[in-house]
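Make a model of the complete structure from these sequences and hints.
Here are the chains, one letter per residue:
2 protein chains.
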Amino acid sequence: MSKLKITETALRDGHQSLIATRLKTEEILPILEKMDEAGYHSLEVWGGATFDACIRFLNEDPWARLREIRKRVRNTKLQMLLRGQNLLGYRHYGDDVVEKFVEKSIENGIDIIRIFDALNDYRNIKTSVEATRKYGGHAQICIAYTTSEVHTVDYYVEKVREIDAMGADSICIKDMAGILMPNVAYELIKRMKEVTELPIELHTHCTSGIADMLYMKAVEAGVDIIDTGISPFSGGTAQPATEVFAETFRGHERDPELDMDILAEIADYFKPIKEKYRAEGILNPKVMDTEPKTLKYQVPGGMLSNLLSQLEGQGAADKYEDVLNEIPRVRKDLGYPPLVTPLSQMVGTQSVFNVLTGGRYKVVPKEIKDYVMGMYGQSPAPVDEEIKKIIIGDETPITHRPADDIEPEFDRLAAEIGDLAKSEEDVLMYALFPENAKKFLENRGKPQVEEVEEYHINLVI
Amino acid sequence: MSKLKITETALRDGHQSLIATRLKTEEILPILEKMDEAGYHSLEVWGGATFDACIRFLNEDPWARLREIRKRVRNTKLQMLLRGQNLLGYRHYGDDVVEKFVEKSIENGIDIIRIFDALNDYRNIKTSVEATRKYGGHAQICIAYTTSEVHTVDYYVEKVREIDAMGADSICIKDMAGILMPNVAYELIKRMKEVTELPIELHTHCTSGIADMLYMKAVEAGVDIIDTGISPFSGGTAQPATEVFAETFRGHERDPELDMDILAEIADYFKPIKEKYRAEGILNPKVMDTEPKTLKYQVPGGMLSNLLSQLEGQGAADKYEDVLNEIPRVRKDLGYPPLVTPLSQMVGTQSVFNVLTGGRYKVVPKEIKDYVMGMYGQSPAPVDEEIKKIIIGDETPITHRPADDIEPEFDRLAAEIGDLAKSEEDVLMYALFPENAKKFLENRGKPQVEEVEEYHINLVI
Ligand SMILES: [Co+2]
Ligand SMILES: [Co+2]
Numbered sequence: 012m013s014k015l016k017i018t019e020t021a022l023r024d025g026h027q028s029l030i031a032t033r034l035k036t037e038e039i040l041p042i043l044e045k046m047d048e049a050g051y052h053s054l055e056v057w058g059g060a061t062f063d064a065c066i067r068f069l070n071e072d073p074w075a076r077l078r079e080i081r082k083r084v085r086n087t088k089l090q091m092l093l094r095g096q097n098l099l100g101y102r103h104y105g106d107d108v109v110e111k112f113v114e115k116s117i118e119n120g121i122d123i124i125r126i127f128d129a130l131n132d133y134r135n136i137k138t139s140v141e142a143t144r145k146y147g148g149h150a151q152i153c154i155a156y157t158t159s160e161v162h163t164v165d166y167y168v169e170k171v172r173e174i175d176a177m178g179a180d181s182i183c184i185k186d187m188a189g190i191l192m193p194n195v196a197y198e199l200i201k202r203m204k205e206v207t208e209l210p211i212e213l214h215t216h217c218t219s220g221i222a223d224m225l226y227m228k229a230v231e232a233g234v235d236i237i238d239t240g241i242s243p244f245s246g247g248t249a250q251p252a253t254e255v256f257a258e259t260f261r262g263h264e265r266d267p268e269l270d271m272d273i274l275a276e277i278a279d280y281f282k283p284i285k286e287k288y289r290a291e292g293i294l295n296p297k298v299m300d301t302e303p304k305t306l307k308y309q310v311p312g313g314m315l316s317n318l319l320s321q322l323e324g325q326g327a328a329d330k331y332e333d334v335l336n337e338i339p340r341v342r343k344d345l346g347y348p349p350l351v352t353p354l355s356q357m358v359g360t361q362s363v364f365n366v367l368t369g370g371r372y373k374v375v376p377k378e379i380k381d382y383v384m385g386m387y388g389q390s391p392a393p394v395d396e397e398i399k400k401i402i403i404g405d406e407t408p409i410t411h412r413p414a415d416d417i418e419p420e421f422d423r424l425a426a427e428i429g430d431l432a433k434s435e436e437d438v439l440m441y442a443l444f445p446e447n448a449k450k451f452l453e454n455r456g457k458p459q460v461e462e463v464e465e466y467h468i469n470l471v472i
Numbered sequence: 012m013s014k015l016k017i018t019e020t021a022l023r024d025g026h027q028s029l030i031a032t033r034l035k036t037e038e039i040l041p042i043l044e045k046m047d048e049a050g051y052h053s054l055e056v057w058g059g060a061t062f063d064a065c066i067r068f069l070n071e072d073p074w075a076r077l078r079e080i081r082k083r084v085r086n087t088k089l090q091m092l093l094r095g096q097n098l099l100g101y102r103h104y105g106d107d108v109v110e111k112f113v114e115k116s117i118e119n120g121i122d123i124i125r126i127f128d129a130l131n132d133y134r135n136i137k138t139s140v141e142a143t144r145k146y147g148g149h150a151q152i153c154i155a156y157t158t159s160e161v162h163t164v165d166y167y168v169e170k171v172r173e174i175d176a177m178g179a180d181s182i183c184i185k186d187m188a189g190i191l192m193p194n195v196a197y198e199l200i201k202r203m204k205e206v207t208e209l210p211i212e213l214h215t216h217c218t219s220g221i222a223d224m225l226y227m228k229a230v231e232a233g234v235d236i237i238d239t240g241i242s243p244f245s246g247g248t249a250q251p252a253t254e255v256f257a258e259t260f261r262g263h264e265r266d267p268e269l270d271m272d273i274l275a276e277i278a279d280y281f282k283p284i285k286e287k288y289r290a291e292g293i294l295n296p297k298v299m300d301t302e303p304k305t306l307k308y309q310v311p312g313g314m315l316s317n318l319l320s321q322l323e324g325q326g327a328a329d330k331y332e333d334v335l336n337e338i339p340r341v342r343k344d345l346g347y348p349p350l351v352t353p354l355s356q357m358v359g360t361q362s363v364f365n366v367l368t369g370g371r372y373k374v375v376p377k378e379i380k381d382y383v384m385g386m387y388g389q390s391p392a393p394v395d396e397e398i399k400k401i402i403i404g405d406e407t408p409i410t411h412r413p414a415d416d417i418e419p420e421f422d423r424l425a426a427e428i429g430d431l432a433k434s435e436e437d438v439l440m441y442a443l444f445p446e447n448a449k450k451f452l453e454n455r456g457k458p459q460v461e462e463v464e465e466y467h468i469n470l471v472i
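As they're listed, the protein sequences go chains A and B. The first sequence lines up with residues 12 to 472 when you count with this note's numbering. The second sequence lines up with residues 12 to 472 when you count with this note's numbering.
The reader is advised that the hints may include incorrect statements.
One copy or any two copies: either way a pair holds, since identical chains are not told apart in the list.
To be verified - Below, in silico cross-link-like pairs of lysine-lysine (BS3-like), each with a Cα-Cα straight-line distance of 30 Å or less: (1) K282 x K307; (2) K14 x K307; (3) K145 x K88; (4) K201 x K449; (5) K373 x K45; (6) K330 x K287; (7) K330 x K282; (8) K137 x K377; (9) K449 x K433; (10) K450 x K399; (11) K14 x K400.
If you're looking for bench data, these hints aren't it; they were derived computationally from the structure.
Quick look at the structure:
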């Protein structure tokens with residue numbers, strides 16, 4: 012078997028998961044030449060929540076960050092995460108915006124675009140996959156992993172065939188909730204390898220405590236690439252530690268051949284940065300805790316804690332177990348949507364409503380109506396007919412690709428933002444996050460208003 | 012293969028590793044009946060640092076804690092950790108004290124005594140093993156795991172034969188530093204199984220990030236028992252999470268058959284307790300971090316951070332790498348002692364001296380002299396002849412069992428403490444921790460002096 016490849020996640024998912032995506036470009040740049048020498052397959056550095064966080068919290072141009080990173084990383088591939096037709100934003104965008112965004116991502120330095128759709132409805136990623144290939148990028152298509160009656164190994168193998176047919180360059184099993192069990196992964200990867208030549212990458216989170224064992228069995232099954240984070244940005248809600256896998260497989264046939272001395276230097280670089288965010292309270296110590304209830308309820312850790320605080324806010328904490336038992340029923344009603352943003356929030360809210368309002372589907376949020384109307388794409392299994400009737404009455408759901416209903420919109424958006432945009436990248440920023448991008452572009456170049464410093468005085472009497 | 016057994020460590024190693032052994036008896040008792048129903052093989056509840064912590068920090072009688080635990084745990088075995096001739100204290104004790112301590116531990120409720128010697132010199136555990144058997148306990152003998160030229164799989168297999176010959180009831184591979192690599196464990200356990208019928212238990216710590224994979228490969232190799240902690244007292248410097256292994260092997264041939272609902276209840280019980288200790292600062296968030304440097308340098312994580320702060324204290328932090336490189340040389344000179352308390356501190360200090368004093372072994376602490384004199388037992392390999400000459404000159408090391416030089420001392424200690432001791436248990440408390448036991452016994456029954464409450468005022472100006 013070939014050498015195991017490693018995607019380093021510290022610069023995207025690592026800090027997104029542990030410190031709310033707050034890593035600054037000035038904290039990233041000084042270590043990049045070193046990271047470029049470590050022997051990584053790729054560095055995940057962009058996409059996901061980083062774009063939004065740059066504009067919203069850091070007063071940084073995300074495009075400029077990408078260009079600065081690319082300047083310093085000459086040998087290692089740069090990778091990003093893209094939510095298909097949603098790009099990095101919160102709605103479906105027009106195909107012209109999607110294509111332009113992909114073009115500009117590649118032009119500014121990205122090599123590999125990891126593309127996923129929450130429902131695994133690949134019509135929602137078609138445009139971004141095609142654009143990636145058109146502009147010379149590597150298109151990695153995700154299987155968003157979940158468990159249900161219909162989400163069998165056979166189901167996923169069928170998805171692999173779809174991915175192959177779309178012309179992907181590689182496949183990612185995206186276990187965003189950390190619920191893929193090691194033995195299931197072993198079988199899944201073995202089966203996938205029987206039907207595809209494409210490299211298979213595995214992505215998980217440590218939240219439930221299963222991640223290291225998952226990677227071990229995946230490597231034994233022949234997975235090509237795993238996602239890990241350098242130790243200070245590993246564990247907890249983030250990925251397993253890079254050094255651990257470099258050491259575990261050192262000298263074995265799958266040896267990833269990472270440079271242990273360089274990994275130690277990278278870890279030493281990030282340690283004080285992590286300590287700073289810990290001291291500032293941005294690294295909440297709870298994110299490092301193991302939450303195996305995720306395995307028991309098949310519900311992501313973050314969703315569990317959100318539900319509990321939602322219920323507590325309404326003085327209904329005693330209904331927690333009822334809601335946890337309602338979730339699988341709602342999932343079944345809705346055709347087993349994977350519990351990933353935004354579907355996890357939608358299913359969670361509907362479950363709370365079903366328990367608290369004294370009747371199932373007496374109250375239905377607009378998002379669930381849109382979902383049943385097919386506006387998010389096709390559900391993994393059909394929505395239950397009776398429930399559908401309750402939710403949308405006699406209306407007929409759409410069966411075409413949701414983005415087919417969206418007119419081209421780049422030119423309109425460019426006109427809207429006008430002179431504030433100095434480049435197509437600026438227009439795209441505005442397309443994704445209209446309010447915050449506008450604020451960012453208006454203030455660009457102006458001297459930063461100094462925040463008034465707060466003096467904390469800790470008196471012990 | 013038989014069902015995998017689980018030793019739950021939360022009530023000893025879990026809180027010892029994460030919150031400095033501060034769990035109070037009143038926090039332990041309410042959940043014990045529940046823990047008794049979970050399906051554990053054993054609960055580790057006593058020994059290690061818990062005895063000392065009860066007297067020193069909690070104003071609790073450790074013997075009373077044990078009796079209260081035993082009352083509530085009717086079906087599950089109770090387990091403790093004992094440092095051979097050191098018992099739970101800091102010196103070698105007379106054989107009569109050792110025997111009495113073991114007798115009273117079993118009489119007060121212990122079923123399984125895990126016994127270890129830092130050097131794996133089993134003459135140092137002979138008395139405690141024999142006493143355990145004499146008083147009807149289960150004697151588990153440890154292999155303290157370390158790496159070196161002499162610590163080969165063959166070396167450990169030879170240790171297994173010794174353990175077998177001593178009449179042990181089971182064997183524990185004690186990987187206190189978290190450096191046992193998964194593939195090494197696989198081979199080691201397979202080889203051990205060829206030469207012994209005794210059940211094999213594996214104990215590790217998550218510090219280096221390797222623990223879950225270690226357990227997975229150990230289970231595949233046929234290990235009988237693994238040590239895990241319920242999730243709130245798992246991970247970091249403690250053991251892997253119990254629930255994770257219960258879920259991972261559910262439905263497999265090695266299914267530990269733990270009750271997942273009960274495990275969830277136990278976790279829910281301990282969560283707010285953990286939060287309390289976190290809020291009080293007793294749970295240092297850093298203990299949850301992964302420190303893979305342990306794997307690179309084969310030096311326990313705690314020792315790494317101690318060394319660094321020791322050097323920083325002397326303005327010599329720039330010598331850190333030199334000291335890390337000196338440690339393996341010192342270990343070689345001294346016949347490869349395992350880096351476990353107190354040997355880790357001794358080797359660390361000697362390495363610092365060798366680097367900072369401008370000459371190797373120019374300064375030698377008394378403990379190292381004693382070690383070379385054979386006062387700690389036999390080193391795994393002989394001490395280097397030249398180094399020996401430098402350290403002890405023409406003196407001749409002892410070759411007999413160190414405790415052979417200790418007279419019986421129980422009666423003398425009983426006379427010393429006099430009427431303050433109301434039982435043999437009290438005398439043993441005094442034997443182990445003379446100063447703190449005396450204070451504890453003097454204040455027993457007196458009303459507790461209320462600590463003056465501190466008012467913390469946090470002003471933000
Ligand atoms: Co992720
Ligand atoms: Co331990």
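Hint check results:
In this assembly of identical chains, K282 and K307 lie within 30 Å of each other by CA distance solely across copies; the values are 17 Å between and 33 Å within a copy. In the homo-oligomer, the alpha carbons of K14 and K307 lie at most 30 Å apart only across protomers (21 Å), although the nearest pairing inside one protomer, at 34 Å, exceeds that limit. For the identical chains of this complex, K145 and K88 are intra-copy neighbours only, at 18 Å inside a copy versus 65 Å across copies, given an alpha-carbon limit of 30 Å. Proximity of K201 to K449 under the C-alpha cut-off of 30 Å is found in neither arrangement, the shortest distances being 49 Å within a copy and 65 Å between copies.
Proximity of K373 and K45 under a CA criterion of 30 Å is satisfied in neither setting, with 57 Å inside one chain copy and 39 Å between copies. With identical chains, the CA atoms of K330 and K287 are at most 30 Å apart between copies only, with a shortest distance of 24 Å across copies and 39 Å within one. For the homomeric pair K330 and K282, the shortest alpha-carbon distance between copies (19 Å) is at most 30 Å, but the shortest distance inside one copy (41 Å) is not. In this assembly of identical chains, K137 and K377 lie within 30 Å of each other by CA distance solely inside one copy; the values are 26 Å within and 73 Å between copies.
Taking the shortest alpha-carbon separations for K449 and K433, only the intra-copy value of 12 Å comes in at or below 30 Å, while the best inter-copy value is 78 Å. Taking CA atoms no more than 30 Å apart as the test, K450 paired with K399 passes in neither setting, with 41 Å inside one copy and 73 Å between copies. Proximity of K14 and K400 under a CA criterion of 30 Å is satisfied in neither setting, with 53 Å inside one chain copy and 49 Å between copies.
Of the numbered hints stated above, those contradicted by the structure are hints 4, 5, 10 and 11, listed in ascending order.
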